[in-house]
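Undergrad: Below, each chain spelled out in residue letters.
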Amino acid sequence: MNETILTPQELIDRFTTAFGDAVSEPRIQIRAEGVKKNQNINIWMTITRDALKPAISMLKEISYPHLSVISGWDAGEELRMQYIFSIYFGERHGEYMVIFTVPLTKDDLVLPTITDIMPGALFTEREKQEMFGVTIQDIPDGRRLFLPEDFPEGVYPLRKDETGIPDKMVKHLWELGRPTDRPVPPVTEKEEEPKTEAGEKKVKKEEKTGKNTTPEEKKPEAEVKKDE
Amino acid sequence: MSQYAALLLAIPLLAAFAMPLTGLIGKRIRNSWAIIAMLATVTAALLLVWEVLTQGTIVYAFGAFDSAQAIPFDSGGVPIRILFVIDAMSAFMILTAAIMMFAATLYSISSESEQTGQDGYYALLFLLMAGIFGMVSTGDLFNFFVFLEINSLAGAALAAYRIKGGVAVEGGLKYAFISTVAGLFFLIAVGMLYGQYNSLNIAYIASVIDFTGLSLVAVVLMIVSLAMKSGSVPMHFWTPDTYSSAPSSITALLIVSSMASLYAIFRIAFSLFGLTMNVVTIGWVIIILGILSMFIGVSMALPQKDVKRLMAYHSVSQIGYMLVGLGVGVAVLGDAQMLAQFGVVAMEGGIFHIINYALYKGLLFLIAGAVIYRCGTANLNDLGGLGHSMKWTMGFFIIAALAIAGIPPFNGFASKLMIYESVFIFNPFIAVIAMVVSIMTLASFVKVFHSMFMGPKLPQYETVKEVPMPMLIGMGLLAVLIILFGLFPDLVVNTLVEPAALALLDRSGYIASVMGGI
Amino acid sequence: MKLSPSFKRSLWVFHFNAGSCNGCDIEIVATITPRYDPERFGVRLVGSPKHADVLLVTGPVTKKMAPRLRRVYEQMPSPKVVICIGTCGQSGGVFYDSYNLDGPVDEIIPVDVYVPGCAPRPEAIIHGVVTALTKLERIEGGEK
Amino acid sequence: MDFTATLFTGTGFWNPIIWILAFVITSIVAYLIWRSGVSTYQKGTEQVKPYLSGNAEPEKSAVHIGGGNLYWGFTEGLKGYYSRLVPLHTGDLNDYMLWYFGVIIAVFALVVIFL
Chain R
199 MNETILTPQE LIDRFTTAFG DAVSEPRIQI RAEGVKKNQN INIWMTITRD ALKPAISMLK
259 EISYPHLSVI SGWDAGEELR MQYIFSIYFG ERHGEYMVIF TVPLTKDDLV LPTITDIMPG
319 ALFTEREKQE MFGVTIQDIP DGRRLFLPED FPEGVYPLRK DETGIPDKMV KHLWELGRPT
379 DRPVPPVTEK EEEPKTEAGE KKVKKEEKTG KNTTPEEKKP EAEVKKDE
Chain G
-19 MSQYAALLLA IPLLAAFAMP LTGLIGKRIR NSWAIIAMLA TVTAALLLVW EVLTQGTIVY
41 AFGAFDSAQA IPFDSGGVPI RILFVIDAMS AFMILTAAIM MFAATLYSIS SESEQTGQDG
101 YYALLFLLMA GIFGMVSTGD LFNFFVFLEI NSLAGAALAA YRIKGGVAVE GGLKYAFIST
161 VAGLFFLIAV GMLYGQYNSL NIAYIASVID FTGLSLVAVV LMIVSLAMKS GSVPMHFWTP
221 DTYSSAPSSI TALLIVSSMA SLYAIFRIAF SLFGLTMNVV TIGWVIIILG ILSMFIGVSM
281 ALPQKDVKRL MAYHSVSQIG YMLVGLGVGV AVLGDAQMLA QFGVVAMEGG IFHIINYALY
341 KGLLFLIAGA VIYRCGTANL NDLGGLGHSM KWTMGFFIIA ALAIAGIPPF NGFASKLMIY
401 ESVFIFNPFI AVIAMVVSIM TLASFVKVFH SMFMGPKLPQ YETVKEVPMP MLIGMGLLAV
461 LIILFGLFPD LVVNTLVEPA ALALLDRSGY IASVMGGI
Chain B
474 MKLSPSFKRS LWVFHFNAGS CNGCDIEIVA TITPRYDPER FGVRLVGSPK HADVLLVTGP
534 VTKKMAPRLR RVYEQMPSPK VVICIGTCGQ SGGVFYDSYN LDGPVDEIIP VDVYVPGCAP
594 RPEAIIHGVV TALTKLERIE GGEK
Chain C
10 MDFTATLFTG TGFWNPIIWI LAFVITSIVA YLIWRSGVST YQKGTEQVKP YLSGNAEPEK
70 SAVHIGGGNL YWGFTEGLKG YYSRLVPLHT GDLNDYMLWY FGVIIAVFAL VVIFL
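Chains as they are written, first to last, in my numbering: chain R, 199 to 426; chain G, -19 to 498; chain B, 474 to 617; chain C, 10 to 124.
For reference, chain R alone in the conformation it holds in the complex (with noise of 0.2 Å):
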């Protein structure tokens, strides 16, 4: 452990350096928690995708880098994949957050594979690619990691667009077997909007959640079910 601990402007100098403006908009935040205010910093740089392997291996001889997760976030035009690493995790509280944000335009989403420089990054590869629909580029093992088998093609979860969840997906669990006779609860009075049938619009998605938190109440205590 007697390597050189860099301070986070110089990190980022040397990223700059190297891949000039491959690398842009870095931004070191520090923050400190907790009662002993002990400093944790994390160094964000945006990365085009053709840098980001060059990067990497930068990246591992400064310190061997700790891969935890690949994650994104659909951001309307465009999906933001980031490469979240931790470096000097060997002293204690030096820890030091590098995360490479990769912008991705939605017509072509591809991405170059890791696993040859880092080959732990093989599942958070293959649940991007299934939840994201992002194609990784010569991935070792492509198959889909959480999702059923019978899950439908050319739906990723994790996306806000179309390619999204469609309604008609979610099953909700609550509305189910619902006595209908139950009186009304006693909850303060809301427009009841009325039941609608399967194929509600998007608008009423939102409007939908604030409702489902009443079922909790109805069943207040362990309820004996009789059996049929």
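Simulated from the structure, these hints should not be mistaken for laboratory data.
Each statement offered as a hint is correct.
Chain C side only, calculated, beta carbon under 10 Å to chain B, not exhaustive:
hint : residue
1    : Val47
2    : Gln51
3    : Thr54
4    : Lys58
5    : Pro59
6    : Ser62
Since we're looking at a predicted model, the values are computed, not measured.
The beta-carbon is built from N, C-alpha and C at its ideal position, and this holds for glycine as well.
With chain R fixed as given, assemble chains G, B and C onto it according to the hints.
TA: The following block gives chains G, B and C in isolation, referenced to the frame of chain R:
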């Protein structure tokens, strides 16, 4: 005087050389000729055994005017001709060989039915049997060497009969090489004895022997070369190669021929030299060979992947049991009190084990042959799920595997128990090794049973059905005998094994039967 | 009606996690700690459904867990009782709008006792088990 | 020839008939005890199948283990012994002959020393 002794050899030799002739006429006629000849030999053998057990030792001088006349009046007390001295021990071995011949010949009638070159096969088979019968009943050392040679050459040719891509040829070559070298050294020993006592007859030499340095060399050469021929450990390396590459019915007979050479060791140790040599040392030599055979044989058998190779290593370890049983008998020959206390029982255990071993080992090899006959492969990793289709073979395998491991109701247990208990008094360490080896034997046969018979019906053995009837009869006979010997061991021991053990011990009786010229 | 003697001091429980967030699982584990100590009544967690009389199901049954839950239920010897622990099993709870659920527990296997609560307290779970015990007596008594 | 003849084996005795009788009697008693047990599982249902934490049982021929390395643990344990013993089996005829002559000389030495 009955002519059974001569018939015992004449019929197989006649059958062997007439086989190609009948082969010319037709395949079915040759098969029936083989069965008829085999039945004739077996009946001659059984009658001979019956006669020996009822009337005692039989001496048959070949070519004499009166076959019982062992010593011609003008030869000055030296038996000239070739003599057959068949005492209870030889009768016991003849019976074992007869049973195995019956089972193996019947088995090979159908197992070799589609193969080519059956004339040569049956001719060699009868030659092999003639060699074995000759070895166990001859009273003449040089004659013994002649039968040893017949036996070895016929066995080697048969071992190499199904070429199987050169593997069988290598096995046959090794068997031939080993046997001829053993035979030659045996001949040198016979030459020494002949030079010293100017006679070849066992009984005569036994009567005039005084143990000089030359006899010491002769004893060592004889015992070691015969031990190699029977496959005891330091010289057992040929056994797995030959037994695994020979056709299965032939391996069953090769086992009998290796037991004939085992018989020869004890004939030499007990009747030829007896107390004139240093029995304790020779006894311990045999015991050490036995212990090595037991342990190394079975520990080599456990990791094997080929079923016949595994069984071949087991035959090495079972030979070890007999060596230990009779080695203890030799070691305590001098001390009458110890002999009476456990020596005789150890020998009885060893001898009883010989016939038990022949039965269940022959059955195991025939079963392996049946599986190979049906599935084509002997590799344990490819076999599986045969229990579904080959019910009878599985039943026989269970009987044989339990018998070889020495599980109570079967015959293996009876003879091993006798060996354990008597050897325990002699030296507890040997008995403990014997028991451990028994457990390892059971372990390896559980492995064979699991991988051959248990498990689901594999697709590649979908069409496998039971083996044809003659093979089943051959195996069935051995299985029935195993069960019978297991259920009535005392009957067998009293009628067959006890007289054999006493005959071996009774050296002067052996000499008197020949020299006395009854 | 009395339980058959074999139940007297042994009601063996098998816990099945059908995709729960482990909140209920930790509560179940809390229930079998010495503080609540159901062991004195013979209630004991076992490793295989084949030894169990009571099946504790936690979590909304995800699509992949549904066939396994059905198979585990069938592998339990009768008489058997199913307790659905936590709101997720009844109404999906926090996972109410998930795309991957396969229906509340009682659509997949017949459930006898519901213990609601987004992580019910150990007392609620024990109360559920006691209710299950009375249910078992009725089953033993011959009413289905 | 009475059939219950016991075989005298060194110090003890062995009579298979009585052993089998005892075996049959004990197995009958064991069967009776087994039969009086409660067997509540129904035949054709899923209860017959093994519990593989809920997963279906893979079809049989996929799980059949060949016999070749059933005792790998045993041979692994005795590695020292097997690594010395197995190479001795060279399969080469000359080595067999060397072993043969070696044994002759050894037995000679033994017999001469302990004459």
